[in-house]
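Protein chains in written order, with the working numbering: chain A, 2 to 218; chain B, 63 to 176.
Everything labelled a hint here was simulated from the structure, so no lab data went into it. Cβ atoms here follow ideal geometry from the backbone N, Cα and C, with glycine treated the same way. It is possible that some hints are incorrect.
Unchecked claim - When the alpha-carbon atoms are kept at most 27 Å apart in a straight line, the in silico DSSO-like pairs for lysine-lysine are as follows:
#, chain 1, residue 1, chain 2, residue 2
1, B, Lys114, B, Lys89
2, A, Lys215, A, Lys147
3, A, Lys215, A, Lys29
4, B, Lys114, A, Lys3
5, B, Lys89, A, Lys150
Unchecked claim - Listed next, the stretches of chain A that the computed footprint assigns to chain B, with coverage defined by at least 3 CB atoms under 8 Å from CB atoms of chain B:
#, segment
6, 3–13
7, 122–129
8, 149–159
9, 189–197
What the hints assert, rightly or not - What follows is a set of in silico ranges between Cβ atoms, one per label pair, in the way DEER data are often shown:
#, chain 1, residue 1, chain 2, residue 2, range
10, B, Glu127, A, Arg71, 41 to 49 Å
11, B, Leu136, A, Gly212, 31 to 39 Å
12, B, Arg161, A, Ile67, 36 to 44 Å
13, A, Gln156, B, Arg86, 39 to 47 Å
14, B, Leu115, A, Gln68, 20 to 28 Å
15, A, Glu104, B, Asp116, 27 to 35 Å
16, A, Gln156, B, Arg128, 16 to 24 Å
17, A, Arg169, B, Arg140, 35 to 43 Å
18, A, Arg55, B, Glu146, 41 to 49 Å
19, A, Arg55, B, Glu137, 27 to 35 Å
20, B, Thr117, A, Glu110, 37 to 45 Å
21, B, Gly84, A, Arg55, 57 to 65 Å
22, B, Arg128, A, Gly89, 38 to 46 Å
23, B, Glu146, A, Arg57, 30 to 38 Å
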Amino acid sequence: MKIPVVSRILEANERLAQENRALFRQRKVFVLNVMSSPGAGKTSLLEATIRALRGRVRVGVLEGDIQGSRDAERIGALGVPVVQLNTGGACHLDASMVRQGVEGLPLEELDLLFIENVGNLVCPAEFDVGEHMKCMLLSITEGEDKPLKYPLMFQASEVLLLNKMDLRPHLDVDVERLREDVLSLNPSIRIFEVSATKGQGIAEWAEWLLGRLKAHS
Amino acid sequence: MHEASIAQGIIDIAQEHLRRWGLREVKSISVRVGAATGGVVEALRFAFDAMKLDTPLEGAELVVERVPLQGQCLECGRPFECWEQFVLACPHCRSPRFRLRGGRELDVLQMEAE
Numbered sequence: 002m003k004i005p006v007v008s009r010i011l012e013a014n015e016r017l018a019q020e021n022r023a024l025f026r027q028r029k030v031f032v033l034n035v036m037s038s039p040g041a042g043k044t045s046l047l048e049a050t051i052r053a054l055r056g057r058v059r060v061g062v063l064e065g066d067i068q069g070s071r072d073a074e075r076i077g078a079l080g081v082p083v084v085q086l087n088t089g090g091a092c093h094l095d096a097s098m099v100r101q102g103v104e105g106l107p108l109e110e111l112d113l114l115f116i117e118n119v120g121n122l123v124c125p126a127e128f129d130v131g132e133h134m135k136c137m138l139l140s141i142t143e144g145e146d147k148p149l150k151y152p153l154m155f156q157a158s159e160v161l162l163l164n165k166m167d168l169r170p171h172l173d174v175d176v177e178r179l180r181e182d183v184l185s186l187n188p189s190i191r192i193f194e195v196s197a198t199k200g201q202g203i204a205e206w207a208e209w210l211l212g213r214l215k216a217h218s
Numbered sequence: 063m064h065e066a067s068i069a070q071g072i073i074d075i076a077q078e079h080l081r082r083w084g085l086r087e088v089k090s091i092s093v094r095v096g097a098a099t100g101g102v103v104e105a106l107r108f109a110f111d112a113m114k115l116d117t118p119l120e121g122a123e124l125v126v127e128r129v130p131l132q133g134q135c136l137e138c139g140r141p142f143e144c145w146e147q148f149v150l151a152c153p154h155c156r157s158p159r160f161r162l163r164g165g166r167e168l169d170v171l172q173m174e175a176e
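All chains, please: the whole structure from these sequences, using the hints.
As structure tokens, this is what we get:
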């Protein structure tokens, strides 16, 4: 027999994401979903941001990787609560993985939770995990053509950090063109130029993030 | 793209409907995939065929209806459609101001089961 279904395929994820969002609201924690290519510097950015925010807000981290726990060890060395999620090959975190991961974190003792997504410029943008803000990192070594090749992530993000700016003198990258293309895809996106390892631009980004957190709570 | 997650979503939805209707196996299942979702139909079929084994969908055929990306320009007012995943400007007047009208669909429509 024929059965009418008419159901959105990713609806299960959307429902779980809403449940995560409700949990985060109840525990009063502001959640960022940090997305980038592999090697753009997500973990270095988190290390620098955590140092800049030390003593001002209580931070926790959920580390998503296909395999291994190296990133969680780096974050754990800073003395903040961290849980490592291994996706076992999946190219993105989904709401159900995040739900399992946060069960290992003391959410009621946190003000700010960073979810470091799997390094990938495509799939993470499609999956709501219950975050309040999508944050994208692009290192300028990746080239200025990325916005027009991977537009969805630039459109979905509220803030873009251009990382590795300290390398600009050594590169042939057109940062102005890059900014123009990003703004043509997403006119309201906020762009910061930083170097996570050298500390450039981190204070400004951290202040903005604190303001965003206060506006939310 | 994450066709394996989509295939799993299709299988989960089908199993839920089998339970609800008290049926045993799925013969065919129809889905709609919009161009703007980036879903690659060949990869979706491959994932579905691998993941349906040992489920009540083992003998099920996946029927895919593709939907083009559809938009309407806010400058010149003309509608347009194409099979690209992304459109950056109206193909008629090159304005970047347009509204997406279709192409984000990723739905199960119906299934044949017994």
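(message) Of the numbered hints stated earlier in the document, which are not met by this structure?
(response) Hints 2, 5, 9, 19, 22, 23 are the ones this structure does not satisfy, whereas the remaining hints hold.
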